[in-house]
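Asks: Listed below, chain by chain, are the residues.
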Amino acid sequence: MGKIISLQKWLTGALIFGLMLSGNLASAQDEVASAIRRYKAYEASTGYYEEYEVLPQRQRPLITIPNIRQGLIPYSPTAASVRSRTHLADSHQGIRFYAGRQCADCHTAAAMDIHTTRANLTCRQCHGGEPIASIHYYWSPLNPIRRHAYVCSKCHEGASASYAAYVVHAPNPSMAGTMKSFPVLFYAFWIMIAIAVGTFVLFIPHTVLWGIRELFVKKKKTGGEQDEQE
Amino acid sequence: MNRNRIRRFTPLQRLSHIFLIITFLVQSATGLGRMYMETAWGQRLCWFFGGYEASREVHIWVGIIMLCGFVLHVLYLLAKVEWKGFPQSLFGPDSMLPRPADLKEFFQHVAWFFGARKPPEFDRWGYWEKFDYWAVFWGMVIIGVTGLLLAWPIAASRIMPGWGLNVALWVHRIEALLAMGHVFLIHFFIAHLRRHNFPMDRAMFEGSADLDAARHERPAWIRRLRDSGRLEGMLVTDSMIGQRVLFYLFGYAAVAAGLFLLIGALINVPHISW
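If you read the sequences in order, they're chains A and B. Start counting at 1 in the first sequence, then tack on 9, and there's your number in our numbering. Start counting at 1 in the second sequence, then tack on 87, and there's your number in our numbering.
Simulated from the structure, these hints should not be mistaken for lab results. The beta-carbon is built from N, C-alpha and C at its ideal position, and this holds for glycine as well. Treat the hints with care, as some may be off.
To be verified - Reference listing, derived: stretches of chain A covered by chain B, where coverage requires no fewer than 3 residues with Cβ under 8 angstroms from a Cβ of chain B:
id, stretch
1, 95-103
2, 132-139
3, 196-202
4, 217-227
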């Protein structure tokens, strides 16, 4: 009897151990730009991490029309059944011509956030190398259960899970869709805009009219110390 | 010498205003520089303060200095309140607190713009001056609190969820744009361009206003002072020409800096992502 219980324990342990190994570890957990290049190798030269991962990313060599998305994602027949891409080890699995594309070709809005446009970060510095795991893939470094430790704290030392709840790809606060996806941001934005616009709507015409009206006032000179004549 | 000016601001109040001019302009430049980092204009602004990262340091430190000034100002207010007749003393004509007469004067003033009524007889503070004052007061609280959250985001996310920083950023941004727009357009126009003050209202630098002008615009104030016999004691002579040159130079330097920021920001709006 005792031997059977002990065997059960060993089997359970082996099963859990096996499960832990069975998932594909997302390679993004290592800071690499490609199979042979490491970000750190470039740090001394530019101060920025490598800007060229898939292709030259934001500074495109060819002239393009802004805000025009070029082409749609072509699904291959084999991956046609893939609808939800939020839990995949390779979130771009089955997308044709993937290797020749840049992130912002498809993720146009995602490339407009402050991390990208101001701090000059590249997508890969957070999302990692190929294959890029879906955010909710269990082993993804960007999975909310470990995102603060695996990704945010690379730059923001001491980042907590709460800190990682900052929405990096925040929606446009003015849009109606934001009312559903991020209501606090939506209402805060519109209340502040209402205050600002209200102030200007009141005071700009007021000030202009005042300025015009004063052109028609005669300045009286009554002299220094004498009191006004009533 | 002819004592043709009336005392309006104490040296401490004038110093506070200069403090506010300098800190406000630095905050505007560093904040706009970072916001416009995608444009050559923004990069040049940041370059002036030592780059993108250094601008943030300057912005945070000057922000802290500003908040210290704000705390000192609140202490100053507490010391200045007449506790004897409290709280009625808060609503006298010398107080910055709004009172019903301000609303009445506002409507009468607007009616005067259209020639419908006589101009209101303002007392010591016009409604637009009270609005300016409380706009800064409220702005300090809003921008100060959100600024502190954004300056120490990791500490801030202990007391609120991290997405609060998204909200704080937008509140900080819009309130700052409102403040800059108000100061660079409306405040500058009222203090410099309208005919009553053209080319510049020196009162905030010199401490005194032209008696004729005050009698013309604020008759209620002058009458109140004269009736209580305090007018004579408040008359002062004009400043020396050298001082006046200094006031004009400083005032116009601030206007130039403000307009540079305002125009640059407006021109470059299409080139940044929000």
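Asks: Is the coverage entry for the stretch 196-202 of chain A by chain B consistent with the three-residue Cβ rule at 8 angstroms?
Replies: holds (count 4)
Asks: Take the stretch 132-139 of chain A, compare each residue's beta carbon with every beta carbon of chain B, and decide whether three or more fall closer than 8 angstroms.
Replies: n = 0 at 8 angstroms, threshold three: violated.
Asks: Count the residues of the stretch 217-227 of chain A with a beta-carbon closer than 8 angstroms to any beta-carbon of chain B: does the count reach three?
Replies: That given contact holds, which follows from 8 residues of the stretch 217-227 of chain A lying within Cβ reach (below 8 angstroms) of chain B.
Asks: Do at least three Cβ atoms from the stretch 95-103 of chain A come closer than 8 angstroms to Cβ atoms of chain B?
Replies: Three-residue rule not met by the stretch 95-103 of chain A, so violated; n is 0.
Hints 1 and 2 from the list above are not met by this structure, while the remaining hints are.
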